[in-house]
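Between the sequences and the hints, there should be enough to build the whole structure, so can you do that?
For the record, the sequence lines run as chains A and B. Quick note on numbering: numbering that gives the first Met the number 0 labels position 397 of the first sequence as 396, and the sequence is numbered without any gaps. Quick note on numbering: numbering that gives the first Met the number 0 labels position 202 of the second sequence as 201, and the sequence is numbered without any gaps.
Keep in mind that the hints were calculated from the coordinates and are not lab data. Glycine included, C-beta positions come from ideal geometry on N, C-alpha and C. Hints may contain errors.
Claimed, not checked - What follows is a list of derived Cβ distance ranges for each label pair: (1) A86/B - G15/A: 15 to 25 Å; (2) A107/A - K402/B: 33 to 43 Å; (3) N55/A - P352/B: 55 to 65 Å; (4) A107/A - N161/B: 35 to 45 Å; (5) A107/A - P352/B: 25 to 35 Å; (6) A69/A - P352/B: 39 to 49 Å; (7) G15/A - R13/B: 30 to 40 Å; (8) P304/B - A69/A: 19 to 29 Å; (9) A408/A - G94/B: 18 to 28 Å; (10) G94/B - R13/A: 46 to 56 Å; (11) T201/B - I351/A: 41 to 51 Å; (12) I351/A - A86/B: 27 to 37 Å.
In case you want the letters, here they are:
There are 2 protein chains.
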Amino acid sequence: MPTVISSVAERFARLGIDAAPGQESAARADIQRLEGLRRGDDLAGVPVDFSHGDVNAFAPIPSAIEHFNAGVTEGAHQAYTTYKGRAEILNELAGKLGEFTGTPVDPASELIITPGTQGALFLAVASCIDFGGRVAIVDPDYFANRKIVEFFDATPVYVTLNYQDTSRSAALDLTGLEAAFADGVKLFLFSNPNNPTGVVYTQSDIASIAELANRYEATVIVDQLYSRLLFTGTEYTHLRSTGIDPNRVITTLGPSKTESLSGYRLGAAFGAPELIQRMERLQAIVSLRAAGYNQAALNSWFSEPEGWMQDRTAAHQRIRDGLVTAFTAAGMHVRTTEAGSYVYPQLPELEIPVSDFVTLLRLQAGVIVTPGTEFTPNEDRRVRLNFSQEPEAALAAGQRIIKLAQRYAAK
Amino acid sequence: MPTVISSVAERFARLGIDAAPGQESAARADIQRLEGLRRGDDLAGVPVDFSHGDVNAFAPIPSAIEHFNAGVTEGAHQAYTTYKGRAEILNELAGKLGEFTGTPVDPASELIITPGTQGALFLAVASCIDFGGRVAIVDPDYFANRKIVEFFDATPVYVTLNYQDTSRSAALDLTGLEAAFADGVKLFLFSNPNNPTGVVYTQSDIASIAELANRYEATVIVDQLYSRLLFTGTEYTHLRSTGIDPNRVITTLGPSKTESLSGYRLGAAFGAPELIQRMERLQAIVSLRAAGYNQAALNSWFSEPEGWMQDRTAAHQRIRDGLVTAFTAAGMHVRTTEAGSYVYPQLPELEIPVSDFVTLLRLQAGVIVTPGTEFTPNEDRRVRLNFSQEPEAALAAGQRIIKLAQRYAAK
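Following this line, the structure appears as structure tokens:
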């Protein structure tokens, strides 16, 4: 198959961000037309931005700022680190990540600190991808997966995650993944817990992914960003500890979400030494390094105060339960989040496009959600909510979503 | 000409970093072999790492840390910004950059905040480059220019900067640049002040670059990282204020060097709205945004205490004068730095490769410099020194470079 390469203009035409989380205030929506679609009075309440978590409601790990300030005071050694990160911090972090995932991490060859988990994901994919090639990604999954693949002029090969049947575990279409590998696809990229559905892959599915990767000599990048925020009854399997060839897997993780350190832009990738070395080479020209002083804040990660993670998890579980109960009672299909802070409810059939509804929800009800079309190439009536919010405000905003959806529901 | 695209393995094989600034401690040099090449006793003295500036010798803008901490205290609004950066900070920064460069900057469409000036440079090139295409870059110039071009499988077309004749202004080979444009090259990338030579382009050369870009409908990315640190007698011309089509130019700048904020990883790109929009789309998948809290530190930039920049500039000029005098006295050719904190002296002909000398200099004299081969595709005996260092230590280390070079000089 000949490699067909797009011009830079063609590539960027594909790379939209107007509906992306956090960009709503900049969206060039056709506000005047939408004003004409308003139905009924505005729905009053505390504004809630479900596109990302609220670090005022769930504050960063307390000692992060102290580590940062100590780094500034220390000066040169913390400001300028090698591209992978400061050796002392890599050493400590490797120990923690090895313990967390159940398989040791060599700080000298298997770990890189990045500007956010997004930075880790971009470098990881860029280190494995052939321009104009093909990459297997999950439908639905984190919106950037598809965009990174397309930026490199590669074609996504979709593998379905079956999550709609809430009576059973979600399941990856392993036949589809094998077919992609058998057809020559050499890279598979997925998030676990899945973003946006909150699904955790079964041990059996993770074992099968490992087995297929080994058999077809494919590389797997697994984004485990939410793997610490596990709700009651959820069992989590780390792909890197399943017998997958250690030279075929990169795991990404970071303290931006559960631990609320997003404002520091810190992440990590660990695994296959050759790929970590490529990522280091690439980081040298992409951003040099994660901000030096910020790296010091990583010392707070996996070293939270006693009980801090348990309290945080329980608080999120209560918000999840409130929202899932409310959406279910309103007849909106939703799966109970197994890990992480996303719910992905399905709106009723509407008389207007979901994209218009999402903007009207912001204008009429002060509620920002992310449309499902960011996560799947298919038509979808779902919206994603990051429920890491002030609990009362989140539940009240959930009610406003339901009310407004009812106003626009197809009769 | 058909586009030939390399495999990912081929691309990364080209992307070396072992000799890059800041990576010396990680370099996999053949230490044992080099130990056998030692000549004479070690040269004692305070170790100096000339690969980058010393933020302990020249501290960050004093208020930067206060702005950062205020950002953390403010919380959510500073942690999560749009991908381009927080609107309030873009507004203030646009005013300062417009005033500094002599042409207004629209904060809504012409400015993006990035993780370091390196981040700005990567996004700018990535937003203009065709995979497998050609890009005009200067010989010599900042090492990442070539590496970014090659990462995208593009071919550098070198345009020579004639800087060796110290009796006259340095001059770009405009005939070469025009030939490249006439041959279909659509992108030109250069640093002004030039890194590594410390040359500032003449007004005439900058005007010619603008005229050629307009005539051949080419885009120019100009890295002005050091354009605030101008020594006595230097006149600086901002390309964006020369009549170049504003849709054809992107300027990058940041507070990492002169202002010593490197540990915060902050930079900016400003200019052509369509390209800034592409950069925003790309930043969304590369690193999301410059770290939110860190962005607050930008409020200190161009708002330094009264006299702070003047003192800093004068202090650097004294170190420059000391080093240039010493190298010249030792018969090492060097051009007097016009702006920025680099000198680029030429070593005598040596009996060993320059790459070995650079490692021996670190082992025997505690001095780290960056070999000229990072900046030019040609053989070169030059080494780059960032002289933003504690003054006495820098001058003593300069003497150790001279002494060790004399030990290895060809007879």
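So, going through the hints one by one against the coordinates:
1. The supplied range of 15 to 25 Å is met by A86/B and G15/A, whose beta-carbon atoms lie about 21 Å from each other.
2. Between A107/A and K402/B the CB atoms are about 34 Å apart, so this pair conforms to the stated range of 33 to 43 Å.
3. As the Cβ distance of N55/A to P352/B is approximately 57 Å, the hint placing it in 55 to 65 Å holds.
4. A hinted range of 35 to 45 Å for the beta carbons of A107/A and N161/B is consistent with their spacing of about 44 Å.
5. Restraint check, A107/A to P352/B: a C-beta distance of roughly 27 Å satisfies the suggested window 25 to 35 Å.
6. In this structure, A69/A and P352/B meet the distance hint of 39 to 49 Å, their C-beta atoms being roughly 41 Å apart.
7. For G15/A paired with R13/B, a C-beta distance near 32 Å keeps the hint of 30 to 40 Å intact.
8. Our hint of 19 to 29 Å for P304/B and A69/A holds, since their Cβ atoms are close to 24 Å apart.
9. For the pair A408/A and G94/B, the beta carbons lie near 48 Å from each other, so the given range of 18 to 28 Å is not met.
10. Between G94/B and R13/A the Cβ separation comes to about 34 Å, which falls outside the hinted range of 46 to 56 Å.
11. For T201/B and I351/A, the hinted distance range of 41 to 51 Å is not satisfied, since their beta carbons lie about 60 Å from each other.
12. Taking the beta carbon of each, I351/A and A86/B are about 29 Å apart, inside 27 to 37 Å as hinted.
The structure is inconsistent with the numbered hints 9, 10, 11, although it conforms to all the rest.
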